[in-house]
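Protein chains in written order, with the numbering used here: chain D, 250 to 508; chain H, -4 to 264.
Derived by calculation from the structure, the hints in this document are not laboratory data.
Hints may be right or wrong, so weigh each one.
[Stated by the list, open to error] Below, a list of computed lysine-lysine pairs in the DSBU-like style, where the Cα atoms sit at most 30 Å apart:
| # | chain 1 | residue 1 | chain 2 | residue 2 |
| --- | --- | --- | --- | --- |
| 1 | H | K56 | D | K345 |
| 2 | D | K383 | D | K345 |
| 3 | H | K56 | D | K383 |
[As the list claims (entries may be wrong)] Here are some, though not all, of the chain D residues that point toward chain H, as calculated from beta-carbon distances under 8 Å:
| # | residue |
| --- | --- |
| 4 | K266 |
| 5 | F270 |
| 6 | V330 |
| 7 | P339 |
| 8 | R454 |
Just so it is clear, CB atoms sit at the ideal spot from N, CA and C, and this is done for glycine as well.
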Amino acid sequence: MNAKISFRDVVKTYPMKEGTFTALDHVSLDIADREFVTVVGPSGCGKSTLLSMAAGLVEPTSGAVLVDGAPVGGPGPDRGVIFQQYALFPWLSVRKNVEFGLRLMNLPAEERRRRAGRAIELVGLADFADALPKTLSGGMKQRCAIARAYAVDPQVLLMDEPFGALDALTRVQLQDQLLDTWSQEQRTVMFITHDVDEAVYLARRVIVMAARPGRLHKVIDVDLPYPRTEEMRLSPEFGRIRNEVWHAVYHQAPAVPAA
Amino acid sequence: MTQLTALGKSPAARTARRGPRRSRRAIALNLVAVVIGLAVWTLLATIGVQGLPGPLEVAAKAGELIADGTLLTDTLASLRRVLIGFLLGTLLAIPVGFLMGWYATARGLLEPYVQFFRTIPPLAIIPLAIVLLGIGEVPKVFVIFLASFLSSVVSTFQGVVDVDRTLINAARVLGASDRTIFLKVVVPASTPFILVGMRVGLGSAWGTLVAAELIAAQEGLGFRMQQAQLYYDLSTIFVGLIAIGVLGLLMDRLLLLAERRLTNWQERR
């Protein structure tokens, strides 16, 4: 069992005016090396909290989060994070944004430029390398953020609803591009979304979560071969899995209070 | 500019193209406003508002004051005071504002003083400054320093507090240390706030200066006007007022230009 990311009995509570709010209630989940996993669930199910823990931005109240068997002690360049709001540094050009992480690695300038150039090319922004973020569309901004994460070559990609704010067409394009890169470089991907279609299309396994308290609800395997194609979206098998995920997300039985 | 041409239909490119045309029209309107203003002034002076000099009289007086060097000496004296006070105030305000924004301890210790002194008009400090610091240059520069410090410190602090958490997280997950986050994220992200604070600071420094000079000075625009008041010399008062206005406007525009250049990356609606 070579779990790349491991959540062991993770609990996260926040103090409230009265009592505590349970964001995550005893979640255990293993993500294998080079696996593509999507996490779906209603809002408030703690899916972003789970991802932030793997990123090292949030600490669990109890339980453990392990990456490569070692507890997560904080954020690090081995785990690339892509945020829904792009989080580009607006005062830096596309190239400088992509080079940000490389500069922190103290690479020689030439190597830095080469790796940044390659990442920018990979996401198709070569013509906009010197543009400031304010001149880019939403889809281009997110592609720049993806290039910034790729450039430092992390083993794990943590994506928090990265395509949530984009229009349908751009979203589909970026999904295909992401799968394309993943099939070449085989990183471990944990991808949060609220879009059932997206969850099924991308993943080998879909993790469905439930809210109040945030917990694991169901794990659904997607037995469709890679590379995934647009035709596959229309196949009966895709429809069946999509249905199953849809029901798991939207027809959840209310939480049973512990006796 | 290449990226703008590449994205011909982007909103940024459109605003950039609309810019010069609209400002030409605005400039024309501004000129019309000045001409109307001068006409009203002349009219008021001719129909005889008690002792009011017309524009020509004031222009003649200005020529006189320029020719004998008084205006230049006064302007330089005033500018020197304001620039020294403003620079010292801003130089201290930026690190203090960063400290207050970054460390909760520093904020807890400093905020009561900053908030308290902010509510006192710097002019109200003048009597105290004169008693404690005498009537030389020091109390004047000190009051100007205080005025620009207080307005810059608050906006720098606000800028640091308002830095987008996601940007800080984005830097952290790329492996940035606290030091790097501060230098490469917090400082650039709060630059727009600092520059706005500097503009407000310069405005209040300039306003405070003239008042400080009204009290005890041997030269300076405020002092000149105070002298003119004793001799009922309205023309000189007008020359002083116009010089103060023009210089204030010029300095504000210079800072605005610097602000535009330094924060060109900001998304503007």
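Hints and how they fare:
At most 30 Å may separate the alpha-carbon atoms for a hinted pair to count; K56/H and K345/D exceed this at roughly 56 Å. In summary, the hint linking K383/D to K345/D is supported, as the alpha carbons are separated by about 14 Å, within the 30 Å threshold. At roughly 51 Å between alpha-carbon atoms, K56/H and K383/D are farther apart than 30 Å, so this suggested pair is violated. Given hint, K266/D at the interface with chain H, is violated; its Cβ is 22 Å from that chain's nearest Cβ, farther than 8 Å.
Hint status for F270/D relative to chain H: violated, with the closest Cβ pair at about 20 Å, above 8 Å. Taking 8 Å as the C-beta cut-off, the interface hint given for V330/D holds, the closest approach to chain H being about 4 Å. The interface hint given for P339/D holds, since its Cβ lies 5 Å from the closest Cβ of chain H, which is under the 8 Å cut-off. Below 8 Å, beta-carbon pairs count as interface contacts, and R454/D has none with chain H, the closest being about 24 Å; its hint is therefore violated.
Consistency with the previously given hints fails for numbers 1, 3, 4, 5 and 8, ordered from lowest to highest.
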